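First to last, the sequence lines map onto chains A and B.
Here the numbering used here is used: position 164 in the first sequence is 164, and no number is missing along the way.
Here the numbering used here is used: position 289 in the second sequence is 289, and no number is missing along the way.
None of these hints come from the bench; they were simulated from the model.
All figures in this text were calculated on a predicted structure; none of them were measured in a lab.
Don't take every hint at face value.
[As the list claims (entries may be wrong)] Calculated cross-link-like contacts (lysine-lysine; reagent style BS3-like; alpha-carbon spacing at most 30 Å): (1) A:Lys6 - B:Lys200; (2) A:Lys200 - B:Lys6; (3) B:Lys200 - A:Lys200.
[Said to hold, decoys possible] Far from chain B, some chain A residues (derived; all Cβ distances over 10 Å): (4) Arg24; (5) Pro58; (6) Gln77; (7) Asp96; (8) Pro102; (9) Arg119; (10) Gln127; (11) Ala130; (12) Leu296.
For each residue, glycine too, the CB sits at the ideal point set by N, CA and C.
Number of protein chains: 2
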Amino acid sequence: MSDLPKAIHLREVGPREGLQFEKRVVATADKVRLVDALSETGVREIEFASFVSPKWVPQMADAEAWTAGIRKAPGVQYEGIWLNLQGFERALKLRDVLTLRPSFAVPASSTFWKKNANRTIEEQLEQLPAYVAAYRAAGFARLTLTVGAAWGCNYEGAILPERVVALLEEAQARAAELGMPVGKIGLMDTMGWANPLAIKRLVGLVRDRWPDLLLYLHLHDTRGTGIANFVAALEMGVTEFDTAVGGMGGCPFAEHKGAAGNVCSEDAVFICQEMGVATGIDLDRLIEAAQLAEQLLGTDLPGKVKRGGNLARYRARAAVG
Amino acid sequence: MSDLPKAIHLREVGPREGLQFEKRVVATADKVRLVDALSETGVREIEFASFVSPKWVPQMADAEAWTAGIRKAPGVQYEGIWLNLQGFERALKLRDVLTLRPSFAVPASSTFWKKNANRTIEEQLEQLPAYVAAYRAAGFARLTLTVGAAWGCNYEGAILPERVVALLEEAQARAAELGMPVGKIGLMDTMGWANPLAIKRLVGLVRDRWPDLLLYLHLHDTRGTGIANFVAALEMGVTEFDTAVGGMGGCPFAEHKGAAGNVCSEDAVFICQEMGVATGIDLDRLIEAAQLAEQLLGTDLPGKVKRGGNLARYRARAAVG
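So that you can see chain A by itself, here it is in the shape it has in the complex (with noise of 0.2 Å):
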């Protein structure tokens, strides 16, 4: 008996987040085999490729040859993210493969954007045109907003939700007054600066003043909050989430060396089972998909429940005594 969802959708981003700062070169047959172990989880979205340019990231400078490897399921979805639109000109090449979402960036700190991307948030509010000229080309209908550090940034300290909630409008009146209507939000705490409460004050925001958008979170566990940040997500009736296999993702900020990933997976699966909330992910497969992340990486990931084990598993077996 609660008031959480019944059923949520997990969108799994560990082999983006989490191959794209590694300082250990993974071979493309082994990003191959972390893809196509996590397709057999029943995850419904695997976001995997970086087309971002292999001066700056040349961990994905094999993303076409990832693309071209991987084994598709039924039902699955895959997906790989671009900065720029020639990184979603060499996305659009992979169309057969990948399923592309039309999203754009509107990050809530200028310095971080600057450090990210190189442009401040008005310069990349003027890259709208050319991105829904690009979609629209591409034959999307609406567009995706999503919200970096949209809690909080290293570089500019606490984000106020109205501050989100103000250039979300922006964006939203920029992108009808070139015709394409905004269907869908994501806020990403990028930094790990969320919190329950902070959580539910920006959802409870957002869902106010767009209550028939979609909306999704992406959240880090930085400082140790994302399940909670996750759970109080939930409460809000929140149905949409990124998450990384093993809490893969780490931080690429220099001062955070060694901090953890997103939030992990298999942790955010179980607790979910546990609380009666359908993810429609078998949690015995998703940790072995996490135990091979950190053979293939040869180091120990952050999640917690691939070595507390399974809780059905005790319970199965407590029962036939």
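Position chain B relative to chain A; hints supplied.
For chain B alone, coordinates are given in the frame of chain A:
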């Protein structure tokens, strides 16, 4: 603005939980250093020694020497535990240093308690008269009841909250017959079976049944639910918790090799800081104590904020510009 408590009390149990099952031998002088570092953090209660048989727990053979070595800070209580009355008699001799807690274990699972203390639940309850006599002789007027495996047991499966309430009623009735009222209840998620809904269910039942008794929780992060369970308990108004610096603790059960330990003290202090719940603890000093614990153990500990960084510092820096 929230319904969370304005202030809570954290009992630091890392030195006791964390050093109990360590394979690596930590020198008594180093154990003293860890307790002394914790004494400087604002923590007001530190549990460190186990007065248990050195045959079973050789890591705690130096309980007396460790106790003799610490530098007592004003306003801080220093504590140990025991699993039988011989242990209590050892602790009693150190009463000039230690604050003794007149607690009695009411395990929710016989199989667990057979493995932990070689007694069934009924055999444990039969110990009560001897405990009450010893505690009365030592000048105690009220008993603390602690329920181990209160949410579930790896051997017996899920534990119904109604069963926990019935066990507490039974123990309370027996204590009343012996003329010693119960003053406090501790609920322990010994093997990491709880989830936020189950926390709310059991805490709600216990609060309804014993509105005037003090209540504290001891939560493990075995499967990654620890901090979410902690927040769920805050939402229920619980104001006292055991936590472990660095997330030390692990789990003594073989099949949990590598599993996470108690809810991490500094991650709990951090999430409280972010949500406006006072702990009286200096987070930066506590992070330093966690780093010292890692150094003494020669291993990474699972706590997150010690790597992610205290946001109070980022906010201060951002404010300066």
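Structure-based check of all given hints:
no. : hint                : result
1   : A:Lys6 - B:Lys200   : holds (19 Å)
2   : A:Lys200 - B:Lys6   : holds (19 Å)
3   : B:Lys200 - A:Lys200 : holds (19 Å)
4   : Arg24               : holds (17 Å)
5   : Pro58               : holds (25 Å)
6   : Gln77               : holds (26 Å)
7   : Asp96               : holds (37 Å)
8   : Pro102              : holds (32 Å)
9   : Arg119              : holds (20 Å)
10  : Gln127              : holds (26 Å)
11  : Ala130              : holds (32 Å)
12  : Leu296              : holds (18 Å)
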